[in-house]
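A.B. asks: So the chains spell out like this:
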Amino acid sequence: MNQNTVNQMQKQVDDIYRSESRRVFATLIRLLGDFDLAEEALHEAFAAAVEQWTRDGVPTNPRSWLISAGRFKAIDAIRRRTRFQASLAEIAERLDRDPAPLEGTDDVEDDRLRLIFTCCHPALSPEAQVALTLREVCGLTTEEIASAFLITTPTLAQRIVRAKAKIRDARIPYQVPAIAELPERLDSVLSVIYLVFNEGYSASAGESLTRSDLSNEAIRLGRLLSELLPNPEVMGLLALMLFQESRRTARSSPQGDLILLENQDRSLWNREQIAEGKVLVERALSSQRFGAYALQAAIAAVHAESPSAEATDWGRIVALYNVLARVESSPVVDLNRAVAVAMRDGPSAGLPLIDAILARGDLTDYHLAHAARADLCRRLGKTADARDSYQQALVLTRQEPERRFLEKRLRELG
Amino acid sequence: MKYMLLIYSDENAWTESEKEHCYAESVQLTQKLNAKGQYLGSSPLHSVSTATSVRIRDGKRLVTDGPFAETHEQLGGYFLIDAKDLDEAINIAGRIPAARKGTVEIRPIMELSGLLSDQ
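First to last, the sequence lines map onto chains A and B. The numbering used here applies: residue 1 is where the first sequence begins, and numbers increase by one. The numbering used here applies: residue 1001 is where the second sequence begins, and numbers increase by one.
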């Protein structure tokens, strides 16, 4: 066979690798019951594919071919090693007993869901859940994940190794949770996805390149999950991420300075993402089983539809925050509600609400609470109060663009 | 697969009648687990004030009063169970009455060849 055909085949296999490798991997984990064994089998199956497909052509169903090849490669590998490791003998025995499972599409899609729920199992630490999900579900490399989270590769690699060892030793099951446990377990999956998104979204300018990839990865995960499990909260989270992402280019200046929602150039907002988000949030809300993510997305949708901050339907936003506070009460929700009230009824209506929240002591260390108070005081002409609150916010913030923004506001106060 | 469920709580947070109630509920749980073949063993422990620690250093045995580590919550009892996987173990742990006051730590049992097993 000539080199040209081999190169062409390599390219075709690469394409199939990109579209199918995570599915094949998820199924191999179920069949083999071990993450590392599945990873090894996956790579051997793809290596075998280049060789055999060049000779015989690409099979009609490459996915089942790869799953089946991976399974046989694993049996071989296990046989070679059985002499050394007794635990593997059990797996080999089981694989030989069970007939070769030729997977239907449904089975394979279920396996992807199994993989997501296993990686996001609440018995794993949140850091491990994030690392494992990006590594095993998204297929990012250890180096890529480490650099995006600003930690060293060995630290991240160790985190993944420990998590896999716990899955194996504590026997975290490879399954989609039962209906009774689904809401709790889904919460954990959604918070992993949102954590990945926010890590990429609230990044400073210097690192924005690698980190915005994390937001895209989170949106990809959200899309995958909403295909596999079209639940209102899954759709709500995906919509929320799309609305936030739609403002990415508008929310900072070319110098990396923060631009608040009210001052953003709305023509820069990504209309395609907004349209997709709107469809999702409407579907989620019409289900009547929506929760906090869908409500936050609904709030973001009101902003997305408004031509300017002044023309925003603040009454609707306050109403949505009222519902959100009932579904998932938190001081941050109260703060956002207070800001919306100030936009609807004027700063003098919002200020006592914020003062009451700060007096409760829940948000005294939260820089945005002080920044919001400062802003209302500034609008009311209470310059001294505004200065005090901006200074408190400045002490508490840890992000460079926010620091610059607050310093600018302080200078403007004179 | 075997799991050890270790029950930690603040000993002083229990009234006598709460303890009695908890024991009675725990007995019921052991019977339910036993009926499903998931029960291997269980017991409450006497107060940590009865604890004695032993260690051998340089070939010499040292016996001291008290637990090895002074902590806010003390080991107050255990369940040894047989469960299909961690999810099943988590469900059983959630049915232990003491979990409502303290914390149940789930530890998978390591199989060691040559060890005389419980069953």
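Take the hints with a grain of salt, since some may be wrong.
[Claimed, not checked] Restraint ranges, calculated between C-beta atoms of paired labels, are given here:
| no. | chain 1 | residue 1 | chain 2 | residue 2 | range |
| --- | --- | --- | --- | --- | --- |
| 1 | B | M1001 | A | L261 | 46 to 54 Å |
| 2 | B | T1064 | A | D355 | 41 to 49 Å |
| 3 | A | S125 | B | K1101 | 23 to 31 Å |
| 4 | A | S125 | B | T1071 | 17 to 25 Å |
| 5 | A | Q158 | B | G1041 | 32 to 40 Å |
[What the hints assert, rightly or not] No more than 27 Å apart at the CA atoms, straight line, and that leaves these computed lysine-lysine pairs for BS3-like:
| no. | chain 1 | residue 1 | chain 2 | residue 2 |
| --- | --- | --- | --- | --- |
| 6 | B | K1060 | B | K1101 |
| 7 | A | K166 | A | K278 |
| 8 | B | K1060 | B | K1019 |
| 9 | A | K166 | B | K1084 |
| 10 | B | K1002 | B | K1032 |
| 11 | B | K1002 | A | K166 |
In case anyone wonders, no lab produced these hints; they're calculated from the structure. Even glycine gets a Cβ: it sits at the ideal position worked out from N, Cα and C.
A.B. asks: Run every hint past the structure and note whether it holds.
C.D. replies: Here's how the hints hold up against the structure:
Checking the proposed 46 to 54 Å range against B/M1001 and A/L261 shows it holds: the Cβ atoms sit about 52 Å from each other. In this structure, B/T1064 and A/D355 break the distance hint of 41 to 49 Å, their C-beta atoms being roughly 55 Å apart. Hint check: A/S125 to B/K1101, Cβ distance near 25 Å, so the stated range 23 to 31 Å holds. For the pair A/S125 and B/T1071, the supplied restraint of 17 to 25 Å holds, since their beta-carbon distance comes to about 21 Å.
Judged by the Cβ atoms, the range 32 to 40 Å given for A/Q158 and B/G1041 holds: they are separated by roughly 35 Å. Between the alpha carbons of B/K1060 and B/K1101 the distance comes to roughly 40 Å, so the proposed pair goes past 27 Å and is violated. Between A/K166 and A/K278 the CA atoms are separated by roughly 40 Å; this puts the pair beyond 27 Å, and the hint is violated. For the proposed pair B/K1060 and B/K1019, the alpha carbon gap of about 39 Å is over 27 Å, so the pair is violated.
Between A/K166 and B/K1084 the CA atoms are separated by roughly 15 Å; this keeps the pair inside 27 Å, and the hint holds. At most 27 Å may separate the alpha-carbon atoms for a hinted pair to count; B/K1002 and B/K1032 meet this at roughly 17 Å. Using a Cα cut-off of 27 Å, the hinted pair B/K1002 and A/K166 holds, with the two alpha carbons roughly 15 Å apart.
When held up to the earlier numbered hints, the structure conflicts with 2, 6, 7 and 8 and fits the remainder.
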